[in-house]
Every structure is written in C-alpha cells, then in structure tokens.
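Build out the structure end to end from the sequences listed, making use of the hints.
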Amino acid sequence: MTLSLGHWIFLAIAAGLAGFIDAIAGGGGLIQLPALLIGISDKPIPMILGTNKVPSIFGTSFSAAAYFRKIKPDLHLTAAMAIPAFIGSACGARLAAEFPKSVFRPLIVILLFLVAIYTWKRPHLGMEENLKFTPKIRRLLVAGFGLLIGFYDGIFGPGTGSFLLFILVGLIGYAFLKASATAKLVNIATNFAAILTFSATGHIWWKVGLILALANVSGSILGARLAIRGGSPLVRKVFLIMTFLLIAKVGYDWYSTR
146 MTLSLGHWIF LAIAAGLAGF IDAIAGGGGL IQLPALLIGI SDKPIPMILG
196 TNKVPSIFGT SFSAAAYFRK IKPDLHLTAA MAIPAFIGSA CGARLAAEFP
246 KSVFRPLIVI LLFLVAIYTW KRPHLGMEEN LKFTPKIRRL LVAGFGLLIG
296 FYDGIFGPGT GSFLLFILVG LIGYAFLKAS ATAKLVNIAT NFAAILTFSA
346 TGHIWWKVGL ILALANVSGS ILGARLAIRG GSPLVRKVFL IMTFLLIAKV
396 GYDWYSTR
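Heads up: the sequence shown runs through residues 146 to 403, numbered per our numbering.
Since the hints were made in silico from the structure, they are not lab data.
Careful, some of the hints might be misleading.
Here are the computed distance ranges between Cβ atoms for each label pair [what the hints assert, rightly or not]:
1. L355 to L390: 35 to 43 Å
2. F155 to E274: 36 to 44 Å
3. R214 to D398: 33 to 41 Å
4. L359 to K281: 20 to 28 Å
5. L390 to K281: 34 to 42 Å
Computed list of lysine-lysine pairs in BS3-like fashion (alpha-carbon distance at most 27 Å, straight line) [unchecked claim]:
6. K281 to K188
7. K266 to K277
8. K188 to K382
Just so you know, even glycine gets a beta-carbon here, dropped at the ideal spot from N, CA and C.
Pasting the structure below:
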C-alpha cells in the first residue's frame, strides 16, 4: 500500500498530538492508534499494533529525557516496575493476534471509570508526594501491577499510561508530576518489549513508524515542557480529561461490536 500525501499529513498530525498528550498524562494511544487503523486499514491488526509502538517509544523516550532533567525518579522503584512490565508486554504482544479484544473492553471501561471517579472526588490526590508502605512493599506492589499493565499494553494498549499513572499516584503516593515521569520510563520498557516481539514476527511497517516518530517526538517534547511548567495540577486535569475520553472510546468500541 502506498500512502497518499493526505494520509501522511493525517497520520503525522495524529502522531504529533498523541505525543503531546501522552507526554503530559498518558492517553496518546487514544489518538494515534485509531489514526493508524484508519490510515493503514488494509494491514493486519498485529502490524498496526506493532507499527504504533515505534513512534510511541521514540516520543516517550524524548519526553522521559525532558522530565529527567527536572525530576529525579526513584530508579530502584522504576526498575522494579519496568522489568516485570517488559516481560508482561512481550507476552501480551505474542498473544495479540489470537486474543479476543472483546474480553478486555467491558473490564477496561469499568476500571477506567473507577479510576476517574476516585481521582475526581479527591482534588488533593497527587498534588504532593505522600508515600505509602515501606520501600520493599512499594517495589513488590509496582512489580505486580507492572506485570499486569505490561501484559495489557502488549496485547491491547489503550489506557496503559492512565493505569500506570494511577497506580503510582493512588497506590504508591507519588505526586502527579513525578508519577508521570516514572510512568514514561516504564512505558519505554513496555513499548520496547512489544517492538521486539512484533518485529520478530514481521508485524512492523518501519517506514511509517519511523516517519511518524518524528511527529510524535515533536509533540512529546512540547508536552513534557508544558507539564513541567504546569506541575501536578495540570497533569491531573489532563489525566482526568483523557481518562474520560478513553472511557467513551473503549465503551463505544465495545457497544458497536456487540
């Protein structure tokens, strides 16, 4: 399939906007993945999922670097979450072609709704760091959730950033800004594992992925800078907006396929 100029412009705008949103509070997949489903609709779903991971990992890496210059995440906790997330994502990507997405959709809608309501009803949640549990317990908790969220990201994807952010804020006690920086590092691990898995089976259209990476990176750098300037209040607002949009999108997809 040869893409027209119109298709390239459409995909580039979507990738740039996805990178911008994702750098602030996650949820970029809500924009980029549907755009790819439209723009390269003649390709098999695993190839679309695999191609989507290429601009995502570049954008996430650049936004993580921007955060890291201003915010220093706990690298021990980050590694404890990222390594199981890498393993989970690789396993999920391997099953992406066979696993029925309809199994996830109603559960994801419910979980995202609970996350949104919990955050909305607690306006001070994530405004300041208030760590819970001992360091050892925190690492065990993020390892378990990292494995689960990583598996979900490899096999399906929408809402991964929101789930990572919520676990780090709601369960661990991070402020939103530090949680967003940490989530970016974990998301790099899940994207990298998925890319390795999809690449091994030939399910990545590298030309499209690498070109869209340029647009995603541009958006990611702008989004990260804005998030650092706006702090946790801005990240919280964008997080809530994107979570409600994800609920609407996944809910609509579930309803339309019934």
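These are the hints, each one checked on the structure:
A hinted range of 35 to 43 Å is violated for the C-beta pair L355 and L390, which are about 27 Å apart. For the pair F155 and E274, the beta carbons lie near 40 Å from each other, so the given range of 36 to 44 Å is met. Taking the beta carbon of each, R214 and D398 are about 37 Å apart, inside 33 to 41 Å as hinted. Here the CB-CB span from L359 to K281 is close to 42 Å, at odds with the stated 20 to 28 Å.
At about 37 Å, the beta-carbon gap between L390 and K281 stays in the expected band of 34 to 42 Å. Distance check on the hinted pair: K281 and K188 sit about 45 Å apart at the alpha-carbon level, beyond 27 Å; violated. Between K266 and K277 the alpha-carbon distance is near 20 Å, which keeps this suggested pair within the 27 Å criterion. For the hint pairing K188 with K382, the CA-to-CA distance comes to about 36 Å; that exceeds 27 Å, so the pair is violated.
Against the hints set out earlier in the document, violations occur for numbers 1, 4, 6 and 8.
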